[in-house]
Amino acid sequence: MAFHKDILRIDCEAETKRICSFIRQQVGDMRKAGAVVGLSGGIDSALSSELCVRALGKEKVLGLLLPEKESSPVSAEYAGKHARKMGIACETFDITATLDAFGVYDRRDSVIRAVFPDYDASWKSKISLPADLLSRDALSFFTLKVQDAAGNVRSARLKNEGLRGIVAATNVKQRTRMVSLYYYAEKENRLVCGTTNKSEAVQGFYVKYGDGGVDIEPLQHLYKNQVYQLAEHLGVIREIIERAPSPDTYSFVVTDEEFYFRMPYGTLDLLLYAWENRVPVGEVGAVMDLTEEQVKRAFRDFTSKQNATRYFGGAPPTLDSPN
Amino acid sequence: MSGERNARDGIRDQFRGFIIGNFAVPGGEAGLKNDASLLEEGIMDSTGVLDLVMFIEETFGIQVKDEELTPENLDSVDRLVTFVEKRTGR
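If you're matching them up, the sequences are chains C and U in order.
Here this note's numbering is used: the first residue of the first sequence is 1, the next is one more, and so on.
Here this note's numbering is used: the first residue of the second sequence is 1, the next is one more, and so on.
Hint data in this document are derived by calculation from the structure and do not stem from the laboratory.
Values in this document were obtained by computation on a predicted structure and should not be read as measured data.
There may be inaccurate statements among the hints.
[Unchecked claim] Pairwise CB distance ranges, derived in the manner of DEER restraints: (1) Lys69/C with Asn6/U: 55 to 61 angstroms; (2) Glu58/U with Arg18/C: 42 to 48 angstroms; (3) Glu29/U with Lys17/C: 39 to 45 angstroms; (4) Asp120/C with Lys86/U: 39 to 45 angstroms.
Glycine is no exception: its CB is placed at the ideal position from the N, C-alpha and C atoms.
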């Protein structure tokens, strides 16, 4: 099929039926009584839960809100509103005390203080990659940005040791959520329904044994653009559809684009499709009004991220594994 | 002329040693082409970039600026050698 700008358009009703059939099949095969979905207030978990409701009925779907002290307040507000709209049972478990007990905030803050010695708990922090890859070529390196109580922002490039320290601490948030989801899933004989989409999965934008630790991934064949199409089709609330996607794990607000992707999802998805399907660079550039150099730059970034996160997926290698 | 070429060779050897010792290079020493893209060949990923920058800063005593972290400067052995030569004035 020739590459064109609408190549990611899907037949939403047919796709909904296909995914719902998959969910029902998996619940049956695993002999589960239903599903539990972690509701983040974002588009992916909203769509996953909508699909579970369509597939299983609202009585068989549990929504779990797992906020912590650095979550955006609107996350729980939107997640709760959407759960009420779907009519599903919903529980909230604040994971702040668990994270505190593990020392997540202290461990991360000690790394930040090594860079900014006057940093304290009243400040906000985030990490991000260089902006706008298509306009300015730059390798992927992370910058730590902090904002003090007066609103002053400072930034510094992270070395690997600092980056690993911050990421390792922050990833405990997603892993704690995974543990919580499995507590409810096992207690009530439900499967854990994942929320990772294709745009994230291909580039390793998830936490191994965190949000990647689930029983099924009903969105993992869908680009983010297609997640939005289905979310519109199934009536996900406007607040969630219009919200800028964010990992929501840093106190200083950061979008998915700033944090990882370096371009808007609309552009990213088309380029990712072209890269995966080996569409010639010249053809991609002509359709998307980009130079060949810009397309190559995006492809190189995809390759680099895929290489860096390749070990995330699949079962752990064993001596019986094929090479 | 011979001296200049030797200095360049020395820098190249340092980079080749670092890359082979720290990154997974298919085919090892023989598989590392001096003009090959480290990113496109899957030799260096995003975390590898930071290790490479630290090596440059510690080995050659230069501070690499954010705006210098580009494929043009760092994405092959030959480019790395040219970048270090330019920055150190060798």
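Results for each hint:
{"no.": "1", "hint": "Lys69/C with Asn6/U: 55 to 61 angstroms", "in the structure": "holds, 59 angstroms"}
{"no.": "2", "hint": "Glu58/U with Arg18/C: 42 to 48 angstroms", "in the structure": "violated, 54 angstroms"}
{"no.": "3", "hint": "Glu29/U with Lys17/C: 39 to 45 angstroms", "in the structure": "violated, 55 angstroms"}
{"no.": "4", "hint": "Asp120/C with Lys86/U: 39 to 45 angstroms", "in the structure": "holds, 41 angstroms"}
Checked against the numbered hints above, the structure breaks hints 2, 3 and satisfies the rest.
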